[in-house]
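Please put together the full structure from these sequences, using the hints given.
Sequence order for the protein chains is A and B. The C-terminal residue of the first sequence carries number 431 in the numbering used here, and the numbering is unbroken. The C-terminal residue of the second sequence carries number 299 in the numbering used here, and the numbering is unbroken.
I should point out that these hints are in silico values taken from the structure, not numbers from a laboratory. A hint or two may mislead.
What the hints assert, rightly or not - Calculated lysine to aspartate or glutamate pairs in the EDC-like style (CA-CA distance at most 16 Å, straight line):
hint, chain 1, residue 1, chain 2, residue 2
1, A, Lys357, A, Glu367
2, A, Lys279, A, Asp363
3, A, Lys267, B, Glu122
4, A, Lys333, A, Glu19
5, B, Lys51, A, Asp301
6, A, Lys154, A, Glu399
Said to hold, decoys possible - Looking from chain B toward chain A, a few residues come up when the C-beta cut is under 7 Å (computed):
hint, residue
7, Val2
8, Gly5
9, Asp129
10, Asn132
11, Ser136
12, Pro182
13, Asn185
14, Phe213
15, Ile253
16, Gly268
As the list claims (entries may be wrong) - Pair by pair, the computed Cβ-Cβ distance ranges are:
hint, chain 1, residue 1, chain 2, residue 2, range
17, A, Lys302, B, Ile87, 42 to 52 Å
18, B, Leu106, A, Thr289, 29 to 39 Å
19, B, Pro86, A, Lys177, 37 to 47 Å
20, A, Ser371, B, Lys137, 36 to 46 Å
21, B, Glu116, A, Asp387, 16 to 26 Å
22, A, Asp286, B, Gly265, 48 to 58 Å
23, A, Pro407, B, Pro86, 56 to 66 Å
24, A, Gln410, B, Asp129, 49 to 59 Å
These figures come from a predicted structure and were not determined experimentally. Cβ atoms here follow ideal geometry from the backbone N, Cα and C, with glycine treated the same way.
Each chain, letter by letter, is given below.
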Amino acid sequence: MIKKFKPALAAAAVSLAMLSQVSVAAEEQFFPLIDYRVGPYGSNGQAFYGGFIDYLNYVNLKEKGVNGVQMTYEECETEYNNAKGVECYERLKGKAAKSAGPIHTMSTGISYALIDKSAQDKLPLAMMGYGRTDAVDGSVFPYAFPLVTTYQMQASAIIKFIKDKNAGNLAGKKIVYLYHDSAYGKEAIIAMEAEAALNKFTLVQIPVAHPGNEQGAQWLKIRQEKPDFVVFWGWGVMNQTALKSAQKVGFPRDKMIGSWWTGSEEDVVPAGEAAKGYMAATWNVSGKQVPVIADIETVVYGANKGNLQDKAKIGTVLYNRGVSAAVLSVEAIRKAQEKYGKGKAMNGEQVRWALENLNITDARLKALGATDLLPEIKTSCDNHEGSGKVKIQQWDGAKWVPVSGWIEGNKALIHPLFQASAKQYAKEKGITPRDCSKEK
Amino acid sequence: MNFFFEVLIGGLLSGVMYALVALGFVLIYKASGVFNFAQGAMVYLAALSVVGCVEKGAPLWLAIILAFVIMTLFGIATEKFVLRKLVNQPPITLFMATIGLAFFIEGLAPLVFGSEPRALELGIVDEPIPYILDNWNMVISKFDLVAAGVASVLVAALALFFQYTRIGRALRAVADDHQAALSIGIPLQNIWAIVWGVAGFVALVAGMMWGARNGVQFALTFTALKALPVLILGGFTSVPGAIVGGLIIGASEKLAEIYIPPVMQDMFGGNFGGIEGWFPYVLALLFLLVRPEGLFGERHIDRV
Chain A
-8 MIKKFKPALA AAAVSLAMLS QVSVAAEEQF FPLIDYRVGP YGSNGQAFYG GFIDYLNYVN
52 LKEKGVNGVQ MTYEECETEY NNAKGVECYE RLKGKAAKSA GPIHTMSTGI SYALIDKSAQ
112 DKLPLAMMGY GRTDAVDGSV FPYAFPLVTT YQMQASAIIK FIKDKNAGNL AGKKIVYLYH
172 DSAYGKEAII AMEAEAALNK FTLVQIPVAH PGNEQGAQWL KIRQEKPDFV VFWGWGVMNQ
232 TALKSAQKVG FPRDKMIGSW WTGSEEDVVP AGEAAKGYMA ATWNVSGKQV PVIADIETVV
292 YGANKGNLQD KAKIGTVLYN RGVSAAVLSV EAIRKAQEKY GKGKAMNGEQ VRWALENLNI
352 TDARLKALGA TDLLPEIKTS CDNHEGSGKV KIQQWDGAKW VPVSGWIEGN KALIHPLFQA
412 SAKQYAKEKG ITPRDCSKEK
Chain B
-4 MNFFFEVLIG GLLSGVMYAL VALGFVLIYK ASGVFNFAQG AMVYLAALSV VGCVEKGAPL
56 WLAIILAFVI MTLFGIATEK FVLRKLVNQP PITLFMATIG LAFFIEGLAP LVFGSEPRAL
116 ELGIVDEPIP YILDNWNMVI SKFDLVAAGV ASVLVAALAL FFQYTRIGRA LRAVADDHQA
176 ALSIGIPLQN IWAIVWGVAG FVALVAGMMW GARNGVQFAL TFTALKALPV LILGGFTSVP
236 GAIVGGLIIG ASEKLAEIYI PPVMQDMFGG NFGGIEGWFP YVLALLFLLV RPEGLFGERH
296 IDRV
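Dropping the structure here:
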């Protein structure tokens, strides 16, 4: 009798086994990608989100996901427009209710628009190098994470770099702060003023009206001021115009140091020779010498699953930044699984906890093949930034070359500014801050 | 005083760059009475066509010719598919059509040639002229002087074209009244195709100068923002007006950017820089109150 049914039983057993495999494979970690690939800043988004998606696919191909959980995503195009960003968020949040990786909008405006909504919906919002910087204080902003570093800490790190170049003394020096006349450009002023008071240098602030494609007057003023350095907070066409204008008035480019929004290939290539020698801060290095970048090209593009049509973007500053953002996001999923269950998809609340308890050491970065791609990161309830370090890189006419190690901004000077601002925000919004000593 | 003149001359030369863009608006307005919202996008398309052809292996001279062909074909296509059906429609309808055209170009151009910002090398270095720098301690850029020369030649050629050629006179007749022009046998379709082609050529020149200066990228579409106050000042129908308007706007915004903020800071505290974004518009608005048709615009008198 048993003999008669043996093939049927075997078939049933195989089917069951397959079904169980299907159910395991069905476990998916969803990433709502509120991104931009077209419009005025489309090329920036193409490289960043290309790198981000390539890394998710890399984890799926190389490790078969995080403990078997496959990384999935859905993109929604914002064109770097705040209203469209909110629309995308509303469209994707339903799908993100069960499992959600951190949201990366690559836009300060969209981040500001989502900061309250994401907290209400319990979806973590990552703002790596942009967005609301006082969200460093996680007691007031539990769901917002200005990870790695902020505008103010970056400005402080740039001043530290300049100080080191001047034998540790900036007294009597003159530094021009040339900035995009917008919320973004004004963010670092408070840090620059604090540094000027501390280090006794003269700070000259020169704003540039949007879009910044005309800076003749500003650079004539800079020529008249004869500064020792220009710290530069530009965006889009303002970057190339500044470099060209500096050339026009004969200001040396190796005395100009920009923020990380001014330090990608897209910012310097259009300026041609005028960009040679120019320096900019960055929280991720460029190039394919980083093992994981080279491996992505082999594994993901080898399997014909690469996200970029233009492979030349692999290894650029913004591509590597997208990869580093994805590395942190996937590490957060891994961390969340350690606490809430391996092999399961994590929801927004669980990922939020993980983002607040990241501890990515150099040893871990090495294991990920991301040595020196980004600095060590250790977050906590009262420090959603986790690092505050940048490198200074210099454009040699063909590529960005790091000219410093990781430099940390003056935390003792800058972080109290965040706390004061967050406290004010909590007061205005009627938020009772969490007690970070009770958070684990 | 030296610094004042340095700012003034720098402003005048910047104004020439604004005038280059404004010229394209004037051409279309003269021929069709329409404010062409797509002029900034055309500047972008023209510059992108040049770098796109260079990237595909064409030498610069050939890329410029190919870009001119692209802009001419674009002009003909605009007449055939957009404007032809809108003859005798109110100007606002034609204006709305150009808004649609702008969005179309802004989407299509990067799709064809890519959206990455790129350099455009014309072989003119944007550096100060050493002789002037050494003897007068003033920064005057070689590139800006070349741009001024190009703009002067372009204005002279266009002024002569409108004033003394048969097509030029036909263009002006069409601008006055489409129907009347048609009734006396002026081929409206050909005229519009020609004027859009010429506007495409002007966009090509402007796109190359602006592209060489700041890189070829989407922000070239913003150059139109600087052309608007120039047009209000110079008049929508005057080619020389575009140049004079450009010079006034360029010089005044630079002088304002340098000299007004310190006064405001002394009076109110805070930081008042970055005013050149709005100053030209305020100036143009004030000018509108005194002379609504602009410096060289045609005074429009209707019989009641």
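Just to be careful, I want the Cα atoms of Lys267(A) and Glu122(B) compared with a cutoff of 16 Å; is the pair within it?
Distance of about 14 Å is within 16 Å: holds.
Against chain A, run the beta carbon of Asp129(B) and see if the smallest gap drops under 7 Å.
violated, 12 Å
Asp387(A) and Glu116(B) - C-beta distance against the hinted 16 to 26 Å
Between Glu116(B) and Asp387(A), where Cβ atoms are some 18 Å apart, the hint holds.
CA of Lys279(A) to CA of Asp363(A), is that 16 Å or under?
Holds. Lys279(A) to Asp363(A) sits at ~12 Å (cutoff 16 Å).
Is it true that the C-beta distance of Gln410(A) to Asp129(B) lies inside 49 to 59 Å, as the hint says?
holds, 54 Å
For the hint on Phe213(B), does the least C-beta distance to chain A fall short of 7 Å?
Holds - the Cβ of Phe213(B) comes within 7 Å of chain A, reaching about 4 Å at its closest.
Holds or violated: Val2(B) as interface residue toward chain A, Cβ cutoff 7 Å?
Constraint on Val2(B) satisfied, holds at 6 Å.
Indicate whether the distance between the beta carbons of Ser371(A) and Lys137(B) respects the range 36 to 46 Å.
56 Å Cβ-Cβ, so the 36 to 46 Å window is violated.
Distance restraint hint 42 to 52 Å, applied to the beta-carbon atoms of Lys302(A) and Ile87(B):
Once the Cβ atoms are compared, 47 Å apart, the range 42 to 52 Å for Ile87(B) and Lys302(A) holds.
Does the nearest C-beta of chain A fall within a distance shorter than 7 Å of the C-beta of Asn132(B)?
violated, 10 Å
Take the shortest C-beta to C-beta distance between Asn185(B) and chain A; is it under 7 Å?
Since chain A brings no Cβ nearer than about 36 Å to Asn185(B), farther than 7 Å, the hint is violated.
Restraint: Ile253(B) near chain A, CB-CB cut 7 Å. Satisfied or not?
Ile253(B) check passes; min Cβ-Cβ to chain A is 5 Å, inside 7 Å.
Violated hints for the displayed structure, listed by number in ascending order: 9, 10, 12, 13, 20.
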